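Q: All chains should be modelled from the sequences, with the hints used to inform the complete structure.
There are 2 protein chains.
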Amino acid sequence: MPYTLHPTLDKDTHQVTDYPLCEIRLMDNKLFPWLVLIPKREGASEWIDLDRAEQHQLSDEIAICSHIFQALVTPDKLNIAALGNQVAQLHVHLIGRYKADRAWPNPVWGSAREYYSEQERARFVYDLKSALDSAM
Amino acid sequence: MPYTLHPTLDKDTHQVTDYPLCEIRLMDNKLFPWLVLIPKREGASEWIDLDRAEQHQLSDEIAICSHIFQALVTPDKLNIAALGNQVAQLHVHLIGRYKADRAWPNPVWGSAREYYSEQERARFVYDLKSALDSAM
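As you go down the protein sequences, you meet chains A and B in turn. Residues are numbered in the working numbering as their position in the first sequence, beginning at 1, plus a constant of 139. Residues are numbered in the working numbering as their position in the second sequence, beginning at 1, plus a constant of 139.
Please note that a few of the clues may not be correct.
Pairs count within a copy or across copies, as identical chains cannot be separated in the list.
What the hints assert, rightly or not - Below are the EDC-like pairs computed for lysine to aspartate or glutamate, each with C-alpha atoms no more than 16 Å apart in a straight line: (1) 150 / 199; (2) 216 / 151; (3) 150 / 215; (4) 238 / 190; (5) 150 / 162; (6) 179 / 162.
If you're looking for bench data, these hints aren't it; they were derived computationally from the structure. As the structure is a computational prediction, the values presented were derived from the model and not from experiment.
A: Written out as structure tokens, the structure is:
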């Protein structure tokens with residue numbers, strides 16, 4: 140079945156790049172460096188809706204994104220989560236957290252949001268895409 | 140280095156069983172069926188502090204626990220998360236969520252907590268351990 144991105148994810152995030160399993164997108168919230176990895180598997184909502192090889196690929200893509208976040212934005216901690224209570228389509232959040240950020244030490248969901256300016260977003264997406272494309 | 144469980148995790152959770160990579164424990168909150176998987180690797184706080192084979196093993200152990208939660212407690216959705224803002228020791232939450240639970244559709248952290256009675260806990264730990272030990 141062809142893969143379709145959920146309209147809420149489409150609205151909240153901007154495309155960065157395409158990995159073998161996941162579409163990798165940037166959450167439009169400049170308060171937190173925040174990627175969303177969406178496996179391109181129609182109908183998947185749980186980790187275990189992927190087969191085992193895909194689960195390992197998802198882990199590999201999370202790992203690459205984690206290394207790139209550590210290099211580019213040097214967070215104090217990474218948060219990784221597949222929740223899906225609001226949008227069932229399987230998606231994994233990777234969020235760089237700082238002891239001085241607006242939500243610390245709490246999770247970011249339900250916390251504040253500020254949109255990137257178009258220029259800020261274009262620049263961050265460019266840096267992320269360059270690093271992600273070199274790493275794959 | 141020998142692995143030591145962080146005292147906060149030790150206090151908040153009860154041992155269920157031991158898997159090849161992770162210690163698997165039950166969060167003492169009867170409002171949400173909630174396992175915590177702690178990789179037995181001293182000093183690990185990020186997913187990428189594990190080597191690639193261990194990351195895949197962690198994915199496999201998350202998958203087994205997910206299948207067992209689906210069989211035993213039939214949640215509407217599973218939440219999987221490695222946050223670690225409060226306790227840096229790498230640990231993965233696996234939480235069975237229901238559309239009628241106390242936090243839905245929000246994440247569970249910071250939501251209500253009710254402890255199991257000793258009898259309830261012993262029974263749930265027994266059921267979980269039986270299922271997890273058969274699956275490994």
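Q: None of the hints should be skipped; say for each whether it holds.
A: Structure-based check of all given hints:
no.: 1; hint: 150 / 199; verdict: neither (26 Å within a copy, 32 Å between copies)
no.: 2; hint: 216 / 151; verdict: neither (23 Å within a copy, 21 Å between copies)
no.: 3; hint: 150 / 215; verdict: neither (28 Å within a copy, 25 Å between copies)
no.: 4; hint: 238 / 190; verdict: neither (36 Å within a copy, 26 Å between copies)
no.: 5; hint: 150 / 162; verdict: within (14 Å within a copy, 39 Å between copies)
no.: 6; hint: 179 / 162; verdict: within (7 Å within a copy, 32 Å between copies)
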